[in-house]
Each structure stands twice: as C-alpha cells, then as structure tokens.
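Peer 1: The lines below spell out each chain.
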Amino acid sequence: MKAARILVPGLAILALAIALAHASPASPAPTGTLVRNEVMRREPFTDARAVMTLRTRARVTILERRGAWYRVGSGRRTGWIRMLSLRTMARPMAGAAASNPAPRAPSTQTGRSGTGGLVSTTGIRALDEGTLRAAVFHETESIRLEAQAVSTAQALRYASDRGLAARSLPYLPDPAAAARTSTRSTRQ
Amino acid sequence: MTPRGAVVSARALIPTLLVALGAAGFLLGAGIAVHADLWSSMGRILGSSRTDTSAAIPGTALPGTAAPGADSSPLWGLARTMTGFREEEELAIGREVAGRILGAAPLVADSALQERVNLVGRWVALQGERPDLPWRFGVIESEDVNAFAAPGGAILITRGLYRKLTSEAELAGVLAHEIAHVIARHHLKLLQQGALLEAGVEAVIARDGGRQDLARWIGTGAELFARGLDRGAEHEADRMAVILSARAGFDPYGLPAVLQEIGHAAAGDARVALLFSTHPRPADRLTHLDRAIGTRLEGFRGSTGVLLPTP
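Protein sequences appear in the order of chains A and B.
Quick note on numbering: the first sequence equals residues 1 to 188 in our numbering.
Quick note on numbering: the second sequence equals residues 1 to 311 in our numbering.
Don't read these hints as lab results, they were simulated from the structure.
Where a beta carbon is used, it is the ideal one built from N, C-alpha and C, also for glycine.
Hints may be right or wrong, so weigh each one.
Beyond 10 Å from chain A on every Cβ pair, some chain B residues (computed) [claimed, not checked]:
# : residue
1 : 102
2 : 136
3 : 296
Which residues of chain A face chain B? A partial, calculated answer using Cβ under 7 Å [stated by the list, open to error]:
# : residue
4 : 68
5 : 145
6 : 150
7 : 171
Let's have the full structure, built from the sequences with the hints guiding it.
Peer 2: Have a look at this one:
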C-alpha cells in the first residue's frame with residue numbers, strides 16, 4: 001500500500017519525462033499561414049468570444065485540432081481558428097528525411113520518375129511509378145486481401161458498437177461548376 | 001472492325017492494360033503528366049477488347065435502400081453509360097491492379113489492424129451509391145505516403161500514410177477519398193477516354209490513310225484530357241469523401257486534417273513524391289474544399305475515434 005503510494009507518482013513523473021523527451025526533439029510544432037483575415041476565438045465555435053484578429057499571411061503555431069478548428073498560438077496568445085482558414089507550411093528537410101536518396105526528378109516535367117524505383121531508408125522500395133510498372137501480380141497476397149474483407153453485417157455491428165449512426169447528407173456541389181457554366185455560355 | 005480485331009478477349013488484355021495504368025500512377029489519381037504514347041496504348045488495348053460500348057452494366061443499379069443517406073446524383077448515371085465496362089470487367093481489372101500493387105508491397109502482417117481498417121472502410125462505403133461491391137481494404141508494407149483505389153472496390157493504404165493518421169475519423173476520410181474514386185468510376189472513365197481517343201485516331205487514319213502529324217494530335221488531346229479531368233476527379237473525390245465520412249457519423253474534417261498534415265511534409269521527401277506528382281497540391285485541395293464546404297457543415301459534430309496503433 002505504502003509502496004504503491006510512492007510508486008504511482010514516481011511512475012507518473014517517469015512517464016511525463018519520457019513523453020517530454022519524445023515530444024521535444026526534431027519535431028517542432030507545425031506552423032501554418034492564414035489565407036484570409038480571421039478571428040481567433042476562445043472556444044472552437046463561431047459565436048465564441050474573440051481573442052484577436054489575425055491577418056492574411058500571418059503565421060501561427062498549430063497546437064491541436066478539434067473538428068473543423070485548430071487551436072493555434074500567435075505570439076503569447078492562443079485560441080481557436082477555422083482549420084480551412086490556414087495552410088500548413090512545408091518543413092525544411094531534416095533528420096531521417098534528409099538522409100533519403102536524392103529526390104526524384106519531378107514527374108510533372110518528365111512524366112516518368114526514374115527507372116526502377118528508389119530504395120527508401122528502411123530498405124523497402126519506394127512505391128513509385130517504376131516499381132509499380134515492374135510489379136508482378138501476387139496470388140497469395142491477393143487471396144489474403146479478399147479473405148480479410150468484412151461483410152456488411154460486420155460493418156453494421158462495428159458501427160453500432162461505436163455509436164456511429166448513419167446520417168443523410170447531400171454531396172457538396174462543385175464550386176467551380178458555376179464559374180465553368182458562365183464561361184461556356186459566354187463563349188457560345 | 002479494326003485490323004487488330006475484337007477476337008482478343010478482354011481478360012487477356014488486362015495485364016497489358018495495367019502496365020499502362022501503373023505507369024499513369026493509377027492510385028490516388030490525378031494531376032499526373034500522362035504521355036501521349038501511354039494514352040495511345042491504353043486506347044489501342046481498349047479499342048480492340050471492348051465489343052459493345054452500349055452494353056449495360058448489370059448489378060450496378062443504384063442500391064439506394066441499402067445505403068443510408070445515399071443520394072442519387074445524376075452524375076453516376078452518366079458514369080455508367082460513359083465507361084461502358086461491365087461490372088465483371090471492372091472487378092477483373094480491379095483484382096489485377098490490386099494484385100500487382102501487392103506484388104510490390106505486401107499486406108502488413110497484423111490481422112487486428114487489417115480487420116479494423118476493413119470495418120471502417122466498409123462502413124464508410126455503405127454510405128455511398130455502390131454498397132454492394134466486394135469492398136476490401138488493406139494496409140501495405142511501404143513507408144511511402146499514399147493510397148490506391150482499384151476499380152471494383154479494392155483499396156490499399158500504405159503504412160507510411162497510416163502512421164500519419166491520428167484518429168479513426170482521419171482513416172475514414174482517407175478511405176472515403178479512395179471509395180469515392182471507385183463509386184464515381186474515375187479510373188474506368190480514364191480508360192474509356194483512351195478508347196475514345198483511339199477511335200478518333202482511327203477515324204483520322206481511315207480518312208487520311210496516313211499517320212502524318214498523328215503523334216502531335218494525340219499528344220494535345222491526351223494532355224487536355226489528363227489535365228482537365230484528373231484534377232476535377234481528385235477534387236470531386238475530396239468533396240465526396242467529406243460527406244461520406246459525415247454520413248458515416250465521423251468528424252468530416254478527417255480528410256482535410258490529413259491534407260494539412262501532408263501539406264507540411266517536406267516537398268523533397270521521397271516518401272511523398274508519387275503522391276505529390278499525381279495529385280493537386282494539398283494546399284489547392286484544401287482551398288477547393290474550403291470553397292465547397294463554406295458554412296454547410298456548421299455545427300456538424302462527428303465521432304473522432306481512436307486508431308489501432310501502427311505495428
């Protein structure tokens with residue numbers, strides 16, 4: 001009993017230390033850039049109190065996500081903004097990624113990306129165009145894939161166990177369709 | 001009847017056809033630069049294998065009753081008449097494509113993980129217009145970040161992509177994007193376009209009796225096809241994926257979150273090279289989704305769900 005009382009906080013501290021050791025190195029919090037002026041809010045709701053207004057191209061640190069919202073940091077302030085109001089920024093190559101072989105030639109220019117596929121750091125061949133082109137049908141794996149499929153009944157049971165209820169919702173219209181239509185009618 | 005003849009069976013031609021598809025970066029689809037010779041060879045294969053373009057596709061009637069929340073978009077009717085493939089042909093093509101990808105990257109040996117991915121995938125697929133396809137899902141041994149949709153409902157995602165996911169809603173979003181490609185028959189439509197292109201070429205040959213300027217003509221046509229449709233198909237699959245996820249009760253922002261995550265991968269990282277070369281940039285896809293969603297999902301709450309850990 002007494003041992004447990006000492007052990008539990010001890011383990012908690014140890015766990016925290018491990019978590020911190022894993023969280024800090026080589027993976028700085030991702031950053032994002034605002035694509036429009038946006039209000040940072042106290043809570044992830046449209047009608048929550050405003051913290052501040054961020055301008056287009058403002059840079060923020062992304063801390064967490066909840067549904068359509070990111071909790072972000074800007075200077076010393078934190079708050080929630082809509083996820084689609086920002087775009088994450090490409091990280092510079094670092095750590096393991098940098099030890100990868102030279103990047104392949106951009107396929108947009110050549111249409112082909114190398115001959116036989118690159119070998120990644122793990123020794124597994126990259127699934128690039130060349131590898132896929134050379135790939136041979138695998139009978140045993142194909143049978144495994146078919147065999148691991150689940151039935152509709154199993155999927156329904158899974159959903160019900162998870163409390164996932166199907167909802168009726170129409171597909172999103174194509175926002176570009178209206179523009180295209182107007183262009184077409186102008187041409188005619 | 002072309003000199004190549006219609007005697008060669010569709011099945012015998014599938015392997016050749018798939019080489020062409022594989023080269024096109026079949027997978028997650030779009031934006032890929034497709035070469036004129038590729039299109040031309042796809043068309044050749046199809047031109048000689050398809051016997052009846054007006055054939056109905058049996059077994060693909062809209063199963064609206066079985067699909068909760070499915071809406072019957074007129075688009076799918078169009079897709080059916082446009083592809084001209086019978087469902088058994090679609091399934092045969094799909095089996096071959098998936099089997100080849102598996103030849104390059106086998107399934108991850110973790111039956112609990114594979115089962116869970118199948119449960120999530122099947123449940124999401126039930127929200128679409130083709131719930132009765134033999135949907136099967138697999139996580140494959142590759143550190144690349146990518147996913148593949150084969151016609152007929154075989155969907156593969158790499159371990160590298162799975163590892164980037166932080167919730168079941170994100171897994172649902174990624175699978176939903178692939179499911180959408182299958183529902184909308186995007187890849188079959190690409191094949192069909194190859195066939196149409198070839199038909200056009202043959203008409204030119206018949207008329208002119210020569211191949212002058214043909215390569216140039218094909219090149220222009222193929223590029224227009226590839227660029228215009230592919231980006232549209234990817235955006236359409238993204239829009240559908242958000243809704244399929246929501247219909248399944250998941251947080252609909254799973255896919256956008258994954259796109260954000262992929263968006264800040266280093267551009268020179270070889271693990272995202274194929275994905276980046278075959279798709280519009282993540283930022284563009286997010287902009288499209290932003291415009292499409294607007295305020296439509298305001299206040300919509302979905303389940304996040306916990307993922308099984310990566311083996």
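Peer 1: None of the hints should be skipped; say for each whether it holds.
Peer 2: Results for each hint:
1. With a minimum CB-CB distance of about 4 Å to chain A, residue 102 of chain B fails to clear the 10 Å threshold, and the non-interface call is violated.
2. The non-interface label for residue 136 of chain B is inconsistent with chain A: the shortest C-beta to C-beta separation is roughly 4 Å, within 10 Å.
3. For residue 296 of chain B, the condition that its CB be more than 10 Å from all CB atoms of chain A is violated, with the nearest at approximately 7 Å.
4. With a least beta-carbon distance of about 5 Å to chain B, the hint placing residue 68 of chain A at the interface is held under the 7 Å criterion.
5. Interface hint status for residue 145 of chain A: upheld, as the beta-carbon distance to the closest one in chain B is roughly 5 Å, under 7 Å.
6. For residue 150 of chain A, the suggested interface contact is upheld, since its CB lies about 4 Å from the closest CB of chain B, less than 7 Å.
7. Because the beta carbon of residue 171 of chain A sits about 5 Å from the nearest beta carbon in chain B, less than 7 Å, this interface hint is met.
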